[in-house]
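Peer 1: Residues per chain are reported as follows:
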Amino acid sequence: MSFDRDDLIGSSTRMIVAETGLSRGGRPVGVPEALILRIAEGRDRAAYAQLFSQYAPKLKAFMMGRGLTAIEAEDLAQDALLNVWRKASYFDPSKASATTWIYSIARNLHIDGLRKQKRAQTLPEDLWAPEPEQAPDTHLIGVQDAKTIGVLMQTLSPEQREVVRLSFFEDLSHGDIAQALSIPLGTVKSRLRLALLRLRAAFETRAESKSAKIESKSV
Amino acid sequence: MTAINHHLDEVILLDYHRGRLNAGQSLLVETHLEMCPHCRTSLRLFDAIGASMLEDIVPVDMADDALELALARIERPEEAPEPRVAPELPAYLKGIDLPESVRAAAFKPRYWGAPGVWMAHLDAPKDGRGLTYLMHVKGGMQMPVHDHQGLEMTLVLTGCFSDDRGAYHPGDCVSCDEGDHHSPLIAADDCLCLIAANAPIAPKTLLGKLLQPFARI
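Residue numbers (our numbering), protein chains in the order written: chain B, 1 to 219; chain H, 1 to 217.
Since the hints were derived computationally from the structure, they do not count as laboratory data.
Possibly wrong hints are sitting among the right ones.
What the hints assert, rightly or not - Here are the in silico distance ranges between beta carbons for each label pair:
hint	chain 1	residue 1	chain 2	residue 2	range
1	B	G42	H	R76	15 to 23 Å
2	H	P37	B	G42	46 to 54 Å
3	H	D56	B	L197	18 to 26 Å
4	B	L181	H	D190	43 to 51 Å
5	H	P37	B	S182	37 to 45 Å
6	H	V58	B	A34	21 to 29 Å
7	B	E159	H	P115	21 to 29 Å
8	B	Q154	H	I96	42 to 50 Å
9	H	A106	B	E41	21 to 29 Å
10	B	S182	H	K94	49 to 57 Å
11	B	T155	H	A167	31 to 39 Å
12	H	Y92	B	D176	23 to 31 Å
13	B	G67	H	A167	37 to 45 Å
14	B	A34	H	M141	57 to 65 Å
Where a beta carbon is used, it is the ideal one built from N, C-alpha and C, also for glycine.
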């Protein structure tokens, strides 16, 4: 099996891997959105190698936090990136940042795995189906990158931030979270609700001010 | 379709996002999402929150040959995904305007729970005390007063019903929890709902108590 794989990779791939290393100081690389577009347009293996190195170890860490073993998390990171390769042409940077798109692929695979042990890699073509025209709210999120949310997260109270963090990072029920923090379940839920409403409201304000700016420019 | 006024609770939506709901609850959430742009936006927000945490996480090294393996995998021809065959729509649902996610789900044969009321349970593995079923009630009927021993989510698919908290139209979702009690009144048209309950309902009236064993809810 192993020489089988060697045959498949061949020397050209090794050159590509080497080239990726060299290109670090050369042409502008590192923007993950651009890497995905290069995969979509040119089946660019060097771009893929770079994206893989950047995201796979993070996805592995994330999934270990969600309760997977190191081996399961490694497999999931592999599968997620394979889906990035296969579905790159569906990536739309105006809808989501690269990190958000990759995260949503990994999340779908994880949930699919939880639901049915073996049904991975059958994600819908477009995770975010086109919205019906003029649907309210839909313009708000998407373009926002993950860093923006990171900033917004800082506006939450430390208590709110903690329940959000635990909800995303740990495979705990809200009851478990309540126990871990020694607070009532109702408090966990209301903190979570407030935090999410707050993040959403901040999103909406940002989106509004953004579109207001665009409008005033065009006048 | 009229605008949706009653949304899913953010905490439920977040539980869906992180894969903590059972099959029936997930179906209900997915059906509401299909009908509700507001909640779809929340889900995108959750993806963005998750992504922000992914950016900041301390990475864990992959295996030494991980990149080699990844590059080998993209060279392999992609296996055609198994075609998903939607289960045949039961006769009792034919002719009803249903969301795609309900069409794609499998329901057991329906049974009559009471005069003018039929139910059909989701064909899914039993998950604790949870029950998920379609309930079809003839227009103009009033359900017996009952309260709840656990979270129960009701999503209106067709028709309309109301209780003391408001009126619910297609796409609207009402959640009841322990201690909530109500007596829904169905509007003129027949009403079809998808219900995901964590625990059986608790009828308050003698009639309700008499009916419950037969209705199997």
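Peer 1: Compare the structure with each hint and give your call.
Peer 2: Each hint tested on the structure:
no.: 1; hint: B:G42 to H:R76: 15 to 23 Å; in the structure: holds, 19 Å
no.: 2; hint: H:P37 to B:G42: 46 to 54 Å; in the structure: violated, 35 Å
no.: 3; hint: H:D56 to B:L197: 18 to 26 Å; in the structure: holds, 23 Å
no.: 4; hint: B:L181 to H:D190: 43 to 51 Å; in the structure: holds, 47 Å
no.: 5; hint: H:P37 to B:S182: 37 to 45 Å; in the structure: holds, 38 Å
no.: 6; hint: H:V58 to B:A34: 21 to 29 Å; in the structure: holds, 25 Å
no.: 7; hint: B:E159 to H:P115: 21 to 29 Å; in the structure: violated, 52 Å
no.: 8; hint: B:Q154 to H:I96: 42 to 50 Å; in the structure: holds, 48 Å
no.: 9; hint: H:A106 to B:E41: 21 to 29 Å; in the structure: violated, 41 Å
no.: 10; hint: B:S182 to H:K94: 49 to 57 Å; in the structure: holds, 54 Å
no.: 11; hint: B:T155 to H:A167: 31 to 39 Å; in the structure: holds, 36 Å
no.: 12; hint: H:Y92 to B:D176: 23 to 31 Å; in the structure: violated, 41 Å
no.: 13; hint: B:G67 to H:A167: 37 to 45 Å; in the structure: holds, 41 Å
no.: 14; hint: B:A34 to H:M141: 57 to 65 Å; in the structure: holds, 60 Å
The structure does not agree with the numbered hints 2, 7, 9, 12 stated previously, though it agrees with the rest.
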